[in-house]
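Q: Each chain, written out:
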Amino acid sequence: GQQVMQIPQYQHVQEGEDFTTYCNSSTTLSNIQWYKQRPGGHPVFLIQLVKSGEVKKQKRLTFQFGEAKKNSSLHITATQTTDVGTYFCPYNQGGKLIFGQGTELSVKP
Amino acid sequence: DGGITQSPKYLFRKEGQNVTLSCEQNLNHDAMYWYRQDPGQGLRLIYYSQIVNDFQKGDIAEGYSVSREKKESFPLTVTSAQKNPTAFYLCASSIFRIPFVNTGANVLTFGAGSRLTVL
Chain A
24 GQQVMQIPQY QHVQEGEDFT TYCNSSTTLS NIQWYKQRPG GHPVFLIQLV
74 KSGEVKKQKR LTFQFGEAKK NSSLHITATQ TTDVGTYFCP YNQGGKLIFG
124 QGTELSVKP
Chain B
43 DGGITQSPKY LFRKEGQNVT LSCEQNLNHD AMYWYRQDPG QGLRLIYYSQ
93 IVNDFQKGDI AEGYSVSREK KESFPLTVTS AQKNPTAFYL CASSIFRIPF
143 VNTGANVLTF GAGSRLTVL
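Going line by line, the protein sequences match chains A and B. Letter by letter, the first sequence follows residues 24 to 132 of my numbering. Letter by letter, the second sequence follows residues 43 to 161 of my numbering.
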């Protein structure tokens with residue numbers, strides 16, 4: 024069956040460093056979404072990618088969808104303490120969103 | 043303001059008791075979902091409903107039950123049959139469209155969650 028692996032599971036960075044998390048699928052994805060969950064909070068939608076090779080930016084965040092639509096990445100430039108949290112890339116499976124473990128980002132001031 | 047309201051925020055239960063978690067949305071969303079999150083883990087789908095009076099099991103439905111009698115409401119009952127019920131429970135809703143790729147559709151809005159502890 025379809026599987027999407029997200030790496031790394033944990034990332035600790037110094038404030039100001041860049042951060043990237045990757046989602047890799049065994050099969051072609053119709054679309055992929057990204058969510059952020061702050062510690063103690065609930066997931067919040069960030070963006071949805073649909074087109075092959077799509078790149079979208081939100082301030083310091085850059086989202087990419089691979090040409091083959093089998094992988095996606097989230098890159099944060101110059102991390103800040105407000106970026107702390109877990110980032111998820113759920114995928115659609117038969118009309119429902121399947122979440123993996125996500126990548127937990129911690130930022131040292 | 044539109045949103046999803048989950049209650050209670052914290053709940054303590056004795057072993058052997060059933061508890062019901064409330065989830066109400068005023069976003070006029072078609073679909074509603076229940077996820078469970080354990081410490082340091084991702085979200086696992088318990089049940090979901092794409093339309094009133096219909097719902098489907100997710101990956102970990104055993105020990106849980108739901109109903110969808112109204113579009114706005116999707117309560118989750120954690121029964122005594124659920125062996126490890128202590129967890130953070132998240133309700134979500136979305137506009138539901140086929141095909142799934144429509145921009146803006148099938149994007150989840152989450153409630154603040156209910157934290158259940160079994161004593």
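Be aware that one or more of the hints could be misleading.
Among chain A residues calculated to face chain B with C-beta under 7 Å, some are [claimed, not checked]: (1) His65; (2) Pro66; (3) Lys119; (4) Phe122.
Calculated lysine to any residue pairs in the SDA-like style (CA-CA distance at most 25 Å, straight line) [what the hints assert, rightly or not]: (5) Lys82/A <-> Asn70/B; (6) Lys99/B <-> Gly117/A; (7) Lys112/B <-> Gly117/A; (8) Lys74/A <-> Lys92/A; (9) Lys113/B <-> Gly118/A; (10) Lys59/A <-> Asn68/B; (11) Lys93/A <-> Asn68/B; (12) Lys131/A <-> Gln81/A; (13) Lys93/A <-> Lys125/B; (14) Lys99/B <-> Ser96/A; (15) Lys80/A <-> Thr151/B; (16) Lys99/B <-> Lys131/A; (17) Lys131/A <-> Asn68/B; (18) Lys51/B <-> Lys80/A; (19) Lys125/B <-> Gly123/A; (20) Lys99/B <-> Thr105/A; (21) Lys59/A <-> Phe130/B; (22) Lys59/A <-> Lys112/B; (23) Lys99/B <-> Arg157/B; (24) Lys113/B <-> Asn115/A; (25) Lys131/A <-> Thr121/B; (26) Lys131/A <-> Arg86/B; (27) Lys59/A <-> Val149/B; (28) Lys74/A <-> Lys113/B; (29) Lys125/B <-> Gln124/A; (30) Lys99/B <-> Ser48/A; (31) Lys131/A <-> Thr105/A; (32) Lys92/A <-> Val149/B; (33) Lys59/A <-> Asn70/B; (34) Lys93/A <-> Val149/B; (35) Lys80/A <-> Ser64/B; (36) Lys59/A <-> Lys125/B; (37) Lys59/A <-> Lys92/A; (38) Lys131/A <-> Gly117/A; (39) Lys131/A <-> Gln37/A; (40) Lys113/B <-> Lys92/A.
What the hints contain is simulated information worked out from the structure, not anything from laboratory work. Note that CB positions come from ideal geometry on N, CA and C, so glycine has one too.
Q: Evaluate each hint against the coordinates.
A: Checked hints:
Hint status for His65/A: holds, given a least beta-carbon distance of 4 Å to chain B, under 7 Å. With a cut of 7 Å, the hint placing Pro66/A at the interface with chain B holds, because the nearest CB-to-CB distance is about 5 Å. Interface hint status for Lys119/A: upheld, as the beta-carbon distance to the closest one in chain B is roughly 5 Å, under 7 Å. The beta carbon of Phe122/A comes within 4 Å of a beta carbon in chain B, closer than 7 Å, and the hint placing it at the interface holds.
At roughly 30 Å between alpha-carbon atoms, Lys82/A and Asn70/B are farther apart than 25 Å, so this suggested pair is violated. Annotation: proposed proximity of Lys99/B to Gly117/A holds, straight-line Cα distance about 12 Å (limit 25 Å). The straight-line distance between the Cα atoms of Lys112/B and Gly117/A is roughly 23 Å, inside the 25 Å bound, and the hint therefore holds. Only pairs whose Cα atoms come within 25 Å are accepted, and Lys74/A paired with Lys92/A is accepted, the gap being roughly 8 Å.
As the CA atoms of Lys113/B and Gly118/A are separated by approximately 18 Å, the hinted pair is consistent with the 25 Å bound. With a C-alpha separation of about 23 Å, the suggested pairing of Lys59/A with Asn68/B holds against the 25 Å cut-off. For a cut-off of 25 Å, the pair hint linking Lys93/A to Asn68/B is broken: about 35 Å separates their Cα positions. In summary, the hint linking Lys131/A to Gln81/A is supported, as the alpha carbons are separated by about 22 Å, within the 25 Å threshold.
Restraint check for Lys93/A and Lys125/B: the C-alpha separation of about 36 Å exceeds 25 Å, so the hint is violated. A hinted pair counts as satisfied when its Cα atoms are at most 25 Å apart, and Lys99/B with Ser96/A does not qualify at roughly 30 Å. Taking the CA atoms of Lys80/A and Thr151/B, the gap is near 21 Å; set against the 25 Å cutoff, the hint holds. Annotation: proposed proximity of Lys99/B to Lys131/A is violated, straight-line Cα distance about 41 Å (limit 25 Å).
Restraint check: the Cα-Cα separation between Lys131/A and Asn68/B comes to about 39 Å, which exceeds 25 Å; the hinted pair is violated. Distance restraint check for Lys51/B and Lys80/A: the Cα-Cα separation of roughly 34 Å exceeds the 25 Å cut-off, and the hinted pair is therefore not satisfied. Between Lys125/B and Gly123/A, the direct Cα distance comes to roughly 22 Å. Compliance with the 25 Å bound is thereby established for this hinted pair. Using a Cα cut-off of 25 Å, the hinted pair Lys99/B and Thr105/A is violated, with the two alpha carbons roughly 36 Å apart.
For a cut-off of 25 Å, the pair hint linking Lys59/A to Phe130/B stands: about 16 Å separates their Cα positions. The hinted pair formed by Lys59/A and Lys112/B fails the criterion: a straight-line CA distance of about 29 Å is larger than 25 Å. A distance of roughly 21 Å separates the Cα atoms of Lys99/B and Arg157/B; the hinted pair therefore holds under the 25 Å criterion. With a C-alpha separation of about 22 Å, the suggested pairing of Lys113/B with Asn115/A holds against the 25 Å cut-off.
Distance hint between Lys131/A and Thr121/B is unfulfilled; the C-alpha atoms sit about 42 Å from each other, more than 25 Å. Taking the CA atoms of Lys131/A and Arg86/B, the gap is near 29 Å; set against the 25 Å cutoff, the hint is violated. Between the alpha carbons of Lys59/A and Val149/B the distance comes to roughly 13 Å, so the proposed pair stays at or under 25 Å and holds. For the suggested pair Lys74/A and Lys113/B, the alpha carbons sit about 32 Å apart, so the restraint of at most 25 Å is broken.
Between Lys125/B and Gln124/A the alpha-carbon distance is near 22 Å, which keeps this suggested pair within the 25 Å criterion. Among the hinted pairs, Lys99/B with Ser48/A is consistent with the structure: their alpha-carbon atoms are about 24 Å apart, no more than 25 Å. Between Lys131/A and Thr105/A the CA atoms are separated by roughly 11 Å; this keeps the pair inside 25 Å, and the hint holds. Our distance criterion of 25 Å between C-alpha atoms is met by Lys92/A and Val149/B, whose separation comes to about 19 Å.
Proposed proximity of Lys59/A and Asn70/B is supported: the alpha carbons are some 24 Å apart, at most 25 Å. At most 25 Å may separate the alpha-carbon atoms for a hinted pair to count; Lys93/A and Val149/B meet this at roughly 20 Å. Among the hinted pairs, Lys80/A with Ser64/B is inconsistent with the structure: their alpha-carbon atoms are about 36 Å apart, more than 25 Å. The hinted pair formed by Lys59/A and Lys125/B fails the criterion: a straight-line CA distance of about 29 Å is larger than 25 Å.
The straight-line distance between the Cα atoms of Lys59/A and Lys92/A is roughly 21 Å, inside the 25 Å bound, and the hint therefore holds. Distance restraint check for Lys131/A and Gly117/A: the Cα-Cα separation of roughly 40 Å exceeds the 25 Å cut-off, and the hinted pair is therefore not satisfied. For a cut-off of 25 Å, the pair hint linking Lys131/A to Gln37/A stands: about 5 Å separates their Cα positions. The suggested pairing of Lys113/B with Lys92/A is violated, with an alpha-carbon distance near 34 Å, which exceeds 25 Å.
Going down the numbered hints, you'll see the structure goes against 5, 11, 13, 14, 16, 17, 18, 20, 22, 25, 26, 28, 35, 36, 38 and 40, while the others check out.
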